[in-house]
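When you get a sec, could you build the whole thing from the sequences and use the hints?
Chains as they are written, first to last, in my numbering: chain A, 1 to 69; chain B, 1 to 757.
Among the hints, erroneous ones may be present.
Straight-line C-alpha distance at most 30 Å; calculated DSSO-like pairs for lysine-lysine [unchecked claim]:
1. A/LYS42 - B/LYS343
2. A/LYS15 - B/LYS478
3. B/LYS180 - B/LYS204
4. A/LYS50 - B/LYS408
5. B/LYS144 - A/LYS50
6. B/LYS454 - B/LYS516
7. A/LYS15 - B/LYS454
8. A/LYS15 - B/LYS516
9. A/LYS33 - A/LYS50
10. A/LYS15 - B/LYS144
Incomplete in silico selection of chain A near chain B, CB under 7 Å [unchecked claim]:
11. VAL11
12. ALA13
13. GLN16
14. ALA17
15. SER41
16. ALA43
17. LEU45
Because the hints were derived from the structure by calculation, they are not lab data.
Beta carbons are placed, not taken as given, at the ideal position from N, Cα and C, and that holds for glycine.
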Amino acid sequence: MDDDWISKRIVEARKQAPSVGDETAAGIEELLKNRLSEHLSKAELAKIAKTLIADLLDDASGVNHDHED
Amino acid sequence: MVVYGQNGSGKSSFVDAFEYALRNGKIGHLAHEYSGKHQEKAIINTHRPKSAKAEVRIQFENGAELRAEIGANGALVLSGAGGVAIKTWDYARTVLRQDEVAHFIQDTKGNKYSVMLPLLGLGRMEVTAQNLRQLSRSIEEQSKLQEIERIVSDGEVRRKDRFGGATDEEICETIETLHKRYVASSTNDPSTQCLELESALDAKIAQYSGDQRRHLALRAAAEVGLKTCVDHVRSTNSKLAAAVEPLIAEKLGVLQSARAYSAKLGKEGSVNCPACGRPVATKAFLAHVDSERKKLQESVTIFQDWKTALGRLCDAVKSLRSSLARPEVKEWRDDPSNAQLLKNLAWLNGFDADGIRVSCTEEELKAIEDKLLPLVDAAGLVSKTAPAEVTQLSVDKQLGDAAKTLLKARERAPALARLRDLVAFVKSVEEGVREEIRAGSQTMVGEISEDIEKMWSIFHPGEGIESVHLYIPEDTDKAIDIALKFYGVEQDSPRLTLSEGYRNSLGLCIFLAMAKSGASEDQPLFLDDVVVSLDRNHRGMIVELLEKEFSDRQVIIFTHDREWYTELRQQLDEKKWIFRALLPYSSPEVGIRWSKKTSTFGDARAQLDERPDSAGNDARKIMDVELALIAERLHVAVPYMRGDKNDRRMAHDFLGKLIADGKKCFQKRSGKDYVSNPDAIEALDRADRLMISTANRASHSFDVVGPESAKLIDNCERALESFKCSSCGRNVWFADAEGSEWVQCQCGELRWRYGKA
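Laid out in structure tokens, this is it:
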């Protein structure tokens, strides 16, 4: 599961979920390459989920602000 | 290395020590409620002097030494092991204990998968897949996806109920008309119109008389649509029972991937099925994937419809309860002619409405019909006598509420679509990772299965159990199981047909196949009393297996089986194997002790003081086994005996033949020539005479005394040592000598000419 494989998989996944924006897809790709192969606690994953949801809804409303990782 | 020791002599302590180092201070079988937080009560010698350290030391061939110091409280300090990758040696592929032999076979499919995961090298991918699964769950929870789904679904349902097939424009016109009727101000925004309409209606109701409000509440109760909701649940219950597919979500996931795969295919020719690898016509493959997806999609629709029906019924019951609980309905509730209805009302108040949001059985539906429909009908009867103004307001309020719910649903619908897409996106990536895991697992499982099959055929040549292999079940992720053919019949599990002994030998094959797979030559194998339930024939195959498959690995075998230990000493190549015996355990102060000899006479000597008869008896048993094997190695011909008497020859039978043959066949070097070996013959003869006198009495009349047994043991030992060269330390059958009939020790000091007595 190298970086190349992850990038291809992200492209495939976007076909299944067309409304997922570039930034959200890039964020998940980055997570796959750097963090998701390590053991993460539920709390850590919940924090990631929160960020992704915020990104997604901000994308939809046009809001753009920095947030914590 | 082969280590012999009676039960309790301390064999497993060596394995424990290794596990302790391997698992960073943990020993699995000692982890229990009495062993202390750090197992300090179980690991440290109970009689350790205060000044002495408790420690484990492992020395490696490269000179490194791993040292594990164990504090009084069990705290571990690890040091050393430079250059040895001991941390990468997983326990499941390094150590096999007696009680673990059949564990793998008896374990669940999921645990088998967990055990094999590091072996498959897919651990990080599994972690990724698990993280992705938890991430999609977390997105669903944090975004309150289910709640939004309910709001959106509720909006559509209310629209259908109150506005039928009306278009959006028609609904907006209706709201505008109502707004004009009750609200003085003017606005074009439908949401604001709904909010203002709600406030205006509430204000109007507040000015109503008690009688008007009672009519309003009872009308609301009558119009909850309970009968329609019950019918909807009943209809979806039967559709669900007939159509639902097991593991529907997983199957849809696979089909989704198959669809993506099929999208890349041309329309002509054939394709290898991604599941089984068999060629399938592309058209047929595409048609099959499409038809399966449609079939499952119908099931998903039915499932979603069922959930909606349950939600509506739950809401209707709650709405009925709320309407009938209003203070303005008190007079109606307290009417003595409504006694039966009061009982129904009590049932309604005690009913778990939220429970039917999850599921609702036919019995529950009947109870709802029996208890609640009379309440609805009674409320409807009273509400028919309501003044026209109240009836109109009730209708308008319900339209306003429905419009408000619909607009709320519309507002949330885009967010719902995006959130669903995000979850689908993460799930799709997870499915991709799982596909990779499946593909990787299939390859590794195939390779390991080949080894299992090979080892099994060494253990059980020509027997009716074949095609023993691991497989990945199709219907579930994260699972591995074992299948075989039992006399030609496919079996999904060895637990269906194999005896305990066969399961154990299969367990051993699986362990060895896993241990062989992907391990470095440095990685040792510990086999702790693993042949307990194997019979002699199958036990004997282990030597062949180890020599064929593990000749480049360090193998440490522990056994309490004296006979097998003796066999191993005779059968394994002395140039490669070390044999050690442990003395019987005497006390914690003395601890574990190595015997100075490789034979097992230490067991016999340990009994000299307390049980001299047992000591003598043990010596005879040792000689029975040792001499049988020596006679076999030296091709000593013994008379044929009928049946299993062939296997029950005693030491005396063999000694007699060895002495007779030895006079001509057993030679020692004298200068450039070979001469007969009278010292050896004398040693064998002396042992034979004592065998007849002392050993027989030890076995039958038990009246031997310590010195007699000691003499017997010494002479038996001397007799066996007479086959070993005092110069090179090797037995007389160590190597082939010149010509095909001679064998000799390593240096050629001793030789035996077999077959020419």
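Verification of the supplied hints:
1. A/LYS42 - B/LYS343: With a Cα-Cα distance of about 48 Å, the restraint between A/LYS42 and B/LYS343 is violated, given a limit of 30 Å.
2. A/LYS15 - B/LYS478: 26 Å, holds
3. B/LYS180 - B/LYS204: 15 Å, holds
4. A/LYS50 - B/LYS408: 23 Å, holds
5. B/LYS144 - A/LYS50: Satisfied, since the Cα-Cα distance of roughly 11 Å is no more than 30 Å.
6. B/LYS454 - B/LYS516: Status holds; Cα separation ~12 Å.
7. A/LYS15 - B/LYS454: 45 Å, violated
8. A/LYS15 - B/LYS516: 42 Å, violated
9. A/LYS33 - A/LYS50: Status holds; Cα separation ~19 Å.
10. A/LYS15 - B/LYS144: 25 Å, holds
11. VAL11: 11 Å, violated
12. ALA13: At about 4 Å, which falls below the 7 Å cut-off, the nearest Cβ of chain B leaves the hint on A/ALA13 intact, so it holds.
13. GLN16: Holds, because the Cβ-Cβ distance from A/GLN16 to chain B comes to roughly 4 Å (cut-off 7 Å).
14. ALA17: Hint on A/ALA17: holds, closest Cβ of chain B at ~4 Å, below 7 Å.
15. SER41: Status violated, d = 9 Å.
16. ALA43: 10 Å, violated
17. LEU45: With a minimum Cβ separation of about 5 Å from chain B (threshold 7 Å), the hint on A/LEU45 holds.
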